[in-house]
Amino acid sequence: MIPLSWYLIFAAILFCIGLYGVLVRKSAIAILMGIELMLNSVNINLISFWRYRSPDGIAGQAFAIIVFAVAAAEVAVGLALIISIYRRRNSVVADDMNLLKW
Amino acid sequence: MSAEQIIFLIVALVTLVAAFSVVTSRNLIHAALWLILTLFGVAIFYVLLDAGFFAVIQVIIYIGAIAILFIFAAMLTRRVMQDTGPQTNRNWWLGALIALFLFAGIALMLVNWQGFNTSAPELANSGGRISQLGLALVSPDQYVLPFELASILLVAAMIGAIFVAGEKKS
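As you go down the protein sequences, you meet chains X and B in turn. Residue 683 is where the first sequence ends in my numbering, and the numbering goes up by one at each step. Residue 260 is where the second sequence ends in my numbering, and the numbering goes up by one at each step.
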């Protein structure tokens, strides 16, 4: 039987890898990929807490489904924004998107 | 060491290597393919956690829709895809340091928590869990409000994505 700690440590490592990707990548698409990794690790945490702490309840699964829906919406809007920016400025590098900077 | 644990360790190793390749590989298409492998690993974790329904929707939504959207976006912005310069910004060491500190903090907090090493309790009704979840999502005294909010959010995101990315005809 797998103890709960293995899942939690795995999810923590996955979250930190995703955070590293968000912080250091130049391309905005790669930053969104890092966000997907972080959302996945959160989902593993939610499902494993549901399985190990309250398998009779339904809250963990309901939360995970909402996270799925939010991730799908987030990536659709994010990639649409990136494509729109690419059309205007010919770049997807996050450092180049400085119209609001002063 | 039981068979489940060996499967867990192999899948965890493959998933973490794939996730690390997602954030380090230079070519965005390669990063998207590594992302697909990572998402498959997470789907296997859902199976190990007795949540087969989530493994299925992980494959359908994440791999079938989101990863394909990433590949689309990487191909539509193709000129920068084969960028020869470094793919990380100047402060990559700071990012790595922050990630390491965050992991150390989470690990410290988890080790001090007394429920850390619990093993899984027996599942009561293995057959009716999906129908129970479906009923909970539409019953008014449970999760019907978040469920409807999620559907409104998805419609808004779809309309917004079409509006933002669509060609403006002047």
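Worth flagging that the hints you see were computed from the coordinates, not collected in a lab. From a predicted model like this one, the values you see are computed outputs, not experimental measurements. Built from N, CA and C at the ideal position, the CB exists for glycine as well. Some hints here could point you the wrong way.
Quick list of the computed label-pair ranges, beta carbon to beta carbon [to be verified]:
#1 B:ILE158 to X:SER665: 17 to 27 Å
#2 X:LEU680 to B:SER229: 44 to 54 Å
#3 B:SER209 to X:LEU681: 30 to 40 Å
#4 X:MET582 to B:PRO230: 36 to 46 Å
#5 X:VAL648 to B:PHE206: 39 to 49 Å
#6 X:LEU681 to B:ALA246: 14 to 24 Å
#7 B:LEU184 to X:TRP587: 22 to 32 Å
Right, here's what the structure says about each hint:
no.	hint	in the structure
1	B:ILE158 to X:SER665: 17 to 27 Å	holds (19 Å)
2	X:LEU680 to B:SER229: 44 to 54 Å	holds (47 Å)
3	B:SER209 to X:LEU681: 30 to 40 Å	violated (51 Å)
4	X:MET582 to B:PRO230: 36 to 46 Å	holds (38 Å)
5	X:VAL648 to B:PHE206: 39 to 49 Å	violated (23 Å)
6	X:LEU681 to B:ALA246: 14 to 24 Å	holds (23 Å)
7	B:LEU184 to X:TRP587: 22 to 32 Å	holds (30 Å)
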